Each structure stands twice: as C-alpha cells, then as structure tokens.
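In the order they appear, the protein sequences are chains A and B. Quick note: the first sequence uses our numbering, first residue 1, plus one each step. Quick note: the second sequence uses our numbering, first residue 487, plus one each step.
These are calculated hints, taken from the structure and not from any lab test. For clarity, every value in this text was computed on a predicted model and none was experimentally measured. We treat Cβ as the ideally placed atom computed from N, Cα and C, and that holds for glycine. Any given hint could be a false lead.
[Claimed, not checked] Have a look at the derived ranges for each label pair, beta carbon to beta carbon:
(1) B:E537 / A:E29: 23 to 33 Å
(2) B:D651 / A:I321: 47 to 57 Å
(3) B:D653 / A:S411: 53 to 63 Å
(4) B:P489 / A:S175: 18 to 28 Å
[To be verified] Covered, in the sense of this in silico footprint (three residues per stretch, anywhere, with C-beta under 8 Å from a C-beta of chain A), are these stretches of chain B:
(5) 497–511
(6) 646–657
[Claimed, not checked] Mimicking PhoX-like on lysine-lysine, the simulated pairs with C-alpha atoms at most 20 Å apart in a straight line are:
(7) B:K556 / B:K546
(8) A:K330 / A:K343
(9) B:K693 / B:K683
(10) B:K603 / B:K657
(11) A:K331 / B:K621
(12) B:K693 / A:K258
(13) A:K374 / A:K258
(14) A:K347 / A:K178
(15) A:K331 / A:K343
(16) A:K265 / B:K693
(17) A:K330 / B:K621
(18) B:K630 / B:K556
(19) A:K20 / A:K176
(20) A:K265 / A:K20
(21) B:K552 / B:K621
(22) A:K374 / A:K410
(23) B:K621 / B:K556
(24) B:K630 / B:K552
(25) A:K176 / B:K552
(26) B:K546 / A:K20
(27) B:K630 / A:K176
As a plain string of letters, each chain reads:
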Amino acid sequence: MSTETNNTPQVVAPRTLFEKVWQQHVVAEPAGEPTILYIDLQLVHEVTSPQAFDGLRLAGRKLRRPDRHIATVDHNVPTTSVQDRLVIADQISNAQVNALRKNCAEFGIEFFDVQAAEQGIVHMIGPELGATKPGMTIVCGDSHTSTHGAFGALAFGIGTSEVEHVMATQTLPQSKPKTFRINVEGELPYGVTAKDIILDIIGRIGTDGATGYVVEYAGSAIRALSMEGRMTICNMSIEAGARAGMIAPDETTFNYLKGRRFVPKGEAWDLAVQNWASLVSDEGATFDRELHIDATKLAPSVTWGTSPGMVTTIDSTVPSIDDAPSEADKKSFSRALEYMDLKPGTKIEDINVDAVFLGSCTNARIEDLRAAAKIVDGYHVATTVRAMVVPGSQSVKHQAEEEGLDLVFKSAGFEWREPGCSMCLGMNPDILQPGERCASTSNRNFEGRQGRGGRTHLLSPAMAAAAAITGHLTDVRNWKFHSKVS
Amino acid sequence: MTPINIITSIAAPLPFPNIDTDQIIPKQFLKRIERTGYGDFLFFDWRYDLETPDHVSERKDFVLNKPEYKGAEILIAEKNFGCGSSREHAAWAINQYGFRAVIAPSFADIFFSNAGKNGIILCRLTDDEVATLLKLCTENPQHKLTINLEAQTVTDEQGFSAHFDMDPFRKHCLLNGLDDIGLTLLHEDELDSYETKHNEEFWVAPKALTTT
C-alpha cells in the first residue's frame, strides 16, 4: 500500500437505486453466508402468518419490533356484506381470520380489521397509509409485495418461515440479487396503460425472464405514470420471476405521499424528501442486464393462455403451438390451448367472456376504477356477462363513492363489492365455475386460479370494462364511444 | 429441520415447465392455520377429479396416482418450477407428500428459498440432463436415482452422472439441519447496534411519529 498522501477526492463508484437501498440495510456480512438485511416494515395478512406466529410461540421467541409490523385481512374475506365479513360462513376461513386477530393482540401489532376504514388488500393499504416510503425494505408473505417498489422501496414476497424470521429478528438473510434495468421510452399510445406495459414485458422476457434480478423500471414512459400505474407495473414484476421491481422516487412519489398518516410532517418532511431524492441510479451506474422498449409501439395486451407470459395484443389472434419459443413451451402451449378451449387463429376480439372481474392489488386503485367507469358510463353489461367491481381498499371504495363511480357501475349492471383480494385467487366465495371465461384485471391466469376449471384473460381495467359491455374481448382503442374516453 | 445428505429413490416425472404454486397446492388449502397435513393436497387439481364438492376420485393417469411411482422421494420437472405465489404451503405439501428433492433446470426465487427452509434439496441440472432423466424415469418407473448433497451429484447405476451447483451456505444448513433464525441471532450484537443507529433514520420508519 502506498504511503504517499492521496489528494484526489475519493470517488464513489456510481451506484444503482437498488444498491443504495441494499447498502443502507446491511446489518452484517458474515463470511461465506448471505447478508443479514434489515427489514423496515413487514406487512401481515391472515393466510401466511398463523404458522409463523406459532413458530415464535413454540420457540419462546418475542416479536422483536411490533412497531415495524402492520396487519390486515384481505385474502379470505367475503366481499358481499359487512355482516358476511364479520363472521365468515366458511369456518376454516373464519378460524384463520380469528387467529390473526388473536395473534395481533398477543404480539402487539397494529391490525386493521374488516370494518376498519383502513382495511384493504395489504399492498393497497401500505401506500395509502404512507407506511410505504422510498428507501425502505418491505416484506410480506405475499409475492405481490413487489408493488411497493413503485416508491423506490426494496420490497419482496417471502414464505412463512421467512415471515417468522422477520418477526423474530427484523432481518432476513439474503443473497444479493443481480440488477436489471428496463427502459420504457416514449409516449404511450391512446388506450395503452401501465398494465399493457408490464404484460408486454412479461411476454418478451418470459415468466422466468427476471429470475434472480431486481428490476428497475426507468424511462420517460415510466416517469409519466401516476403512482397507481407504477404500482401496477411493480406489482407484476414477480410474474416475470423478479425478486423485486423498483422505480426511482420523484415529485410524483412525493406528491402522492405528502400528508398521509404515517409520513413525516413539517421540517421532518423536508428532510425526508431530501433523503428520498438521492434514491436514483447514478449516471454511469451499471446493470447486469438492460432492456429497451419503445412505448409508442405498444398496444393493449391480453393473455390467451395459462401463464402471464402467454400474452398477445388485442388486435391479433390466438397463437399456434408452432409459435412457442421452445420445445418445452410447445407442451405448455398445447396444454394451455386445451385448458382455455381456444383454437389457434381465432381473433382475440372474437373470444366471448362470461365474467368480468375488476379488482386485485394489480388494478383496483382509484385511477383504475375511473378508467373503467369512463368506458362503462351510460351503457349496460352484456346479458351474458356477470361483472363485478371489487375496490382494493376501503379508502378506494369511499373515494369512488364520493365521485359517484359506484352509481356508474351499478346502473350499468356491475356488482359493487366490499374490498379484498376476491376473485384474483378465489380464496373467498368469489370464484369462477368450471369452464367459465373471465376478463380479469388481476395478475395470474394460472389453471384454476380463479376457480377450478375457470379460464382467465388478464387485461387492463379499461379493456375489462369494454369486455363487460360487449360480452367479448374488445379493443378499447376502437371503442365506439371513443369521445367518452380520455 | 432434519439433516439431509443422500437420497436414493425412484423419481416421479412431471414433464412440464412453469409449474406454478397454484398447481402445487390450490388456494382452498391455504385457509388452514396448521403447518402439517398438506401432503394429501399436493397437485390437487391434477391429481383428483371432483365427483361432488366433498368427494374426489383419483385420476388414474396422473403420475402420483400410478402405483409404480408410489414411494418416490424425487420429483423431476422442467424449467421455472414453483413460479407464482409465495405460499410456503407448496414446499410443505411437497415435503409432507414424501418428496425429499426436486430436479429441474430452474426454480422460481421464492419457492427456492421456501424449499431450503424445509429441508428439500433442489437440484438444478441442464435442460439436456433433465430431459435424459425424464425419459429414463418415464420409460422405467423403477429407475433409481441417487442424489448426493455433499458431492452435489445426481447419479444412477447405469452411468448417468450430473453435477449441480449449490450455494455453500445453503448446503451447510441442509446437511446440518440448521435453523436460520438461530444463525441470525448469533449476530445479535451487530443487529442491536445497527438498529440503534437505524432508528434515527425516521424517513424509512414505517410510522412517522414526528409532529413538528
């Protein structure tokens, strides 16, 4: 080592947004072991937590930081009436919700029960409360925890053993993922939304295309999105296999957060914003992988198969087995076509639907409901279609009712429901019947996801709304009532 | 967690890519609050026909229902096994059914982590190696494979031999049946001092208490 004095200022290597957040949370780096990463917030829901609480009790361990936990109920709760929600008819569901009530009381976790004004899908309420903030590490026993990355947080889904680990230590052992930047540049064409961007990305890179990576979404098309749109994109990162998705915080982020319940106020707010504003990938920071997408070339996306990567555009046709990218995929294509009861070459617009589901942590925010209501306004759901709107949270439901959106939906023949995960995964009574086909704003079109034998087509809220009115998958760009859509 | 090293067993072939956790264990079984009893529900929708809502019958053509594959402790599948939801119930179901290892070209991230916490060995082999094993174990259900975790190999008695990569720490934990929480708590002093400093960083606290 040189003993001469080095007068040049220390140059810090450019870092990515992910690396900044990661480094700020390193508790220890034991040799030959994963990094011990500090977790700022764990969100808890009824499905993946009871065995974790039991584990703590069995081991005689305390929950280290109750103040860094927030809990609510979402997966199991019926969406029909408040009465149905307080005591759930399905006794196993009811026992699971009761277990969460008891566990939160015992371990001192703030819990938003079904009747609370703050209740909603766990990934809705974190941002709504301002509990989700830039630069945080956030986990939850739910793969769609990636949603919170829209705020520049490092947020990822974990299993129940890991939930218990965080409860006991407020940390997780983590191997450092690789970095992947996806640049989406240009202005989105009319009728194309955040949902179409992420479905297009998954279609390009595949459902394992980002496995082992944290994805940063960047570019002018991403910057132009609202927080709602950014959450939709980050939400589905897991559908491409990514550990997490992130978007650098900016004025849009700060404006969304300002004044929310758990956000600093006054001078503390200014200081917080100063800190958050530094959370951008530095000029010259390198990524393990990069992808460029021209937003101006995108079209509304619809899935045709049983994996989110089996996606095409609304103006195309059902692919054939020969279109599969690999031999292994040919089998999946064949199986998916059979399960979905679709013939290659069929126009996507000619596919009739029996049900429309507007909901889920992907697309049940106020902006999603507004976009759908604009399409629906003045028209009626096709006689062959059962359509429902399930707002993602009490807050969204309340806001929508203030704006009169509930009346637009109800007079068009939609069911207007109470908040929860609902038909995204059908853990509550909202399920498809075997053979039923659904246009859904949710995130997974796996076999049986929305009900055994049910067939799911993923699409944007505006596209779902249009399908509800016409009774078949419909190109919202050619919507006959064009002038009504902004 | 029980220590694990060598498994010699017949293997059940499931020749599909992207087998998601909804297929491994459907949502209706996620309502239970127990950690055990999931083995009967493994691959439920593929394994059973619903005669009535309360009565099921086994699908004779599904691999796990074929008598020749009973007792298999190894499952072989194609790429991206375990994609989808974070439900650890998928790992519980695989483990509690009796599988000790899964061989595939790749695994989804969260499932990979969950499997490790439940003492399941995940062997990442190449596409060609997996194709070979799928063929061998389909043509001859009695074809036995040996997985040696210490040596990181999959072999058979006819000369097949493949090496799989594994993170040394994960291997150490599997071989010794170590509990992750206990390992982290060895670093409690570092955690305490990190946390004291980190508590001041209110801009990343979940609940701001400042009212100035």
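**OP:** Go through the numbered hints given earlier and state which of them the structure violates, listing their numbers in rising order.
**Re:** 1, 2, 13, 14, 20, 25, 26 and 27
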